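**Student:** Here's the letter readout for the chains.
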Amino acid sequence: MMIEKYKRYFPAAGVIAFLIFCWLTFYTVRETQFVLITQFGRPLYTVADAGLHVKWFFQTATYFDRRLRVYNPRPSEFLTRDKKNLVIESYVAWRIQDPKRFVETVGDPIAAEMRLHDIVWSGLSAALGTHDLDSLIAPIAETVQASALLDQLSTMTDRAALERYGIQVMDVRIKRLNLPEQNKQSVYARMRAERERIARQYRAEGEEQALRIRADADRQKEEILSAAYKEAETIKGEGDAQATKTYSVAYSKNPRFYKLLRTLESYKKIFDDKTTAILSSDSELLRIMMRGESGAK
Amino acid sequence: MQVLLKPEFAPVAPPQSRRRQLRQWLGGALVLWLLTSLYLVNTQQQAVVTRFGAVVEPRVLPGIHISLPWPIDRVTRLKVQQLQRLVVGGDAADTVVGRAQPLRLQFLTGDQNLISLRVVVQYSVGSPVDYLFRTNDVAQVVGAAVETALAQRVAAQTVDAILTSGKAAIQDDVRSAAQRLLDQYQSGVILSTINIESVTPPPEAADAFRDVASARADSARIVSEAQGYANDVIPRARGEAQRSIEAANGYRQRKIDESQGDAARFTQVAEEYAKASEVNGQRLYLETMEMILPKIKKLIVDDKGHLDLTIIRKGEK
Numbered sequence: 001m002m003i004e005k006y007k008r009y010f011p012a013a014g015v016i017a018f019l020i021f022c023w024l025t026f027y028t029v030r031e032t033q034f035v036l037i038t039q040f041g042r043p044l045y046t047v048a049d050a051g052l053h054v055k056w057f058f059q060t061a062t063y064f065d066r067r068l069r070v071y072n073p074r075p076s077e078f079l080t081r082d083k084k085n086l087v088i089e090s091y092v093a094w095r096i097q098d099p100k101r102f103v104e105t106v107g108d109p110i111a112a113e114m115r116l117h118d119i120v121w122s123g124l125s126a127a128l129g130t131h132d133l134d135s136l137i138a139p140i141a142e143t144v145q146a147s148a149l150l151d152q153l154s155t156m157t158d159r160a161a162l163e164r165y166g167i168q169v170m171d172v173r174i175k176r177l178n179l180p181e182q183n184k185q186s187v188y189a190r191m192r193a194e195r196e197r198i199a200r201q202y203r204a205e206g207e208e209q210a211l212r213i214r215a216d217a218d219r220q221k222e223e224i225l226s227a228a229y230k231e232a233e234t235i236k237g238e239g240d241a242q243a244t245k246t247y248s249v250a251y252s253k254n255p256r257f258y259k260l261l262r263t264l265e266s267y268k269k270i271f272d273d274k275t276t277a278i279l280s281s282d283s284e285l286l287r288i289m290m291r292g293e294s295g296a297k
Numbered sequence: 001m002q003v004l005l006k007p008e009f010a011p012v013a014p015p016q017s018r019r020r021q022l023r024q025w026l027g028g029a030l031v032l033w034l035l036t037s038l039y040l041v042n043t044q045q046q047a048v049v050t051r052f053g054a055v056v057e058p059r060v061l062p063g064i065h066i067s068l069p070w071p072i073d074r075v076t077r078l079k080v081q082q083l084q085r086l087v088v089g090g091d092a093a094d095t096v097v098g099r100a101q102p103l104r105l106q107f108l109t110g111d112q113n114l115i116s117l118r119v120v121v122q123y124s125v126g127s128p129v130d131y132l133f134r135t136n137d138v139a140q141v142v143g144a145a146v147e148t149a150l151a152q153r154v155a156a157q158t159v160d161a162i163l164t165s166g167k168a169a170i171q172d173d174v175r176s177a178a179q180r181l182l183d184q185y186q187s188g189v190i191l192s193t194i195n196i197e198s199v200t201p202p203p204e205a206a207d208a209f210r211d212v213a214s215a216r217a218d219s220a221r222i223v224s225e226a227q228g229y230a231n232d233v234i235p236r237a238r239g240e241a242q243r244s245i246e247a248a249n250g251y252r253q254r255k256i257d258e259s260q261g262d263a264a265r266f267t268q269v270a271e272e273y274a275k276a277s278e279v280n281g282q283r284l285y286l287e288t289m290e291m292i293l294p295k296i297k298k299l300i301v302d303d304k305g306h307l308d309l310t311i312i313r314k315g316e317k
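Residue numbers (the working numbering), protein chains in the order written: chain R, 1 to 297; chain Z, 1 to 317.
Worth flagging that the hints you see were computed from the coordinates, not collected in a lab.
The model shown is predicted, which means the values in this text are computed figures rather than measured ones.
Treat the hints with care, since some could be wrong.
What the hints assert, rightly or not - Okay, the calculated bits of chain Z under chain R, using three or more residues with CB under 8 Å as the criterion: (1) 22–35; (2) 48–56; (3) 122–134; (4) 162–170; (5) 184–195; (6) 200–208; (7) 245–257.
We treat Cβ as the ideally placed atom computed from N, Cα and C, and that holds for glycine.
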């Protein structure tokens, strides 16, 4: 009776039941996912291929993100072989590799990162303990061995993590090297001292160069002037010599007349209005004045 | 039509028209559903098509395309060429928020100086599939890769190199090293530029760093002053030299010309003198005396020792 009454809903119910069955049977796996199929809580197998897949309706699919994640452990302090403290900030690039193992051991990414932190921390402290500070940071790139250390650390961590937690560690890298806060003040003081030294050096070097330039300029000036003096005097000497030659040629033709002429010429220059001449009345000039015409003899 | 206009007033519709109505609805829905298989990719975009989550078309170029209808195929579009910007070490947004001193990343240099850097990274999508599906948080991966490359380069440089000449080299190095890491992680990202925007020494030592910069400027100034001095002194000396040489040349010419003039004059006079030497001698003598004696004081002394006062008075006039 009752069945008769609800008979007209049967097709609809059938469709709904079919849809539920499909929902439970088919599942899609995205590119970003792993799917772990479990049967009554027991992990059976992992599906890594993206696409449409089929399972029994009583099995459950659990989805895992298979994408690469970056985990940043908090900065921690490590001791190098030469007993220097370093604050190191690192990151771990990891992804789930084996979901079955992953779900059995850690379960979720947060817990996984806590485990990773432990592995990386012990790895880093062991690795740094075998290196001096100078091999991690140095002004010359060739001596820095940090990358070799990190490659070694990555493979080590990878092996450990994969075995234990089903995690693949792609990379462990140091993001930042720093010094502990309590050491920084002394480093700042050293930096200041270093800068002051460099500043002084710059100034002194500038002074040195400036002095050199000035001295060079002065030397050039002296050289130029002395060379010019030499040349000028030579030229003057030439003039004098030639003049002397000309005079001697001309005057030696009549030395008596030259003497007379030149002496008279000199008189004009020698005597001026401050000169007082005492002339004898018997002198050549005054004789005529004194004695009249007879003086002209 | 009647039914479509007032469905609520037709509680029991004839079965035939109800079926027709259902068919119409289903037909419409089917058409709409089939239309979802058409999709458009704009210029500057590329698309990835996934079928039940698996990639079937890794790179669809701009244009109109056909896929299987939703939800079988899904289309994810990406602006491939658009550069994305990431700031490592203190975001520019800090100043917007109002933090006066943006948080900067402090690095240890090769010569054990501490220095803060702010780096702007620009990247674009190289492989859409990798970009979409391989990493959890692309920006975080890019940031981590750039930071680690940067830390490594800075640890192998002196602080002076970073502050001055080495910056460009570091940028190039960091870009290639970070790109290698990102390729290794299959992030699908192409780094286009790494730009070290600011290099700042710690505030505790900032004034000392500034002093170095001003010392460098001072040194350059002193040197250029000295060069100015040299540029002033040497041309002047050259001018002076030229002047004295020219003066000497003039002197020589004058001497030569004077001597020749004097000689010519003498020769001519001497010739005439020779013709009547005694008369001419007397004449020259007297002429000279005439020129000299009026200017000078004269005392005429007699042979016997008397002074002729009249002559003195005449001389004083």
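**Student:** Next, verify each hint and record whether it holds.
**Tutor:** Do the hints match the structure? See the list:
1. Look at the region 22–35 of chain Z against chain R: 0 of its residues bring a Cβ nearer than 8 Å to a Cβ of that chain, fewer than three, so the hint is violated.
2. By the rule of at least three residues with a Cβ nearer than 8 Å to a Cβ of chain R, the coverage given for the region 48–56 of chain Z holds, with 6 such residues.
3. Residues of the region 122–134 of chain Z with a Cβ under 8 Å from some Cβ of chain R number 4, which satisfies the need for three, so the listed coverage holds.
4. Counting residues of the region 162–170 of chain Z whose beta carbon lies closer than 8 Å to any beta carbon of chain R gives 0, which falls below the threshold of three, so the coverage claim is violated.
5. With 4 residues carrying a beta carbon less than 8 Å from a beta carbon of chain R, the region 184–195 of chain Z meets the three-residue requirement, and the given coverage holds.
6. Note: the region 200–208 of chain Z has 5 residues with beta-carbon separation from chain R under 8 Å; the three-residue rule is met and the coverage holds.
7. Evaluation of the coverage hint for the region 245–257 of chain Z: fulfilled, as 10 residues show C-beta separations to chain R shorter than 8 Å, against a requirement of three.
Going through the hint list in order, the structure does not satisfy hints 1, 4.
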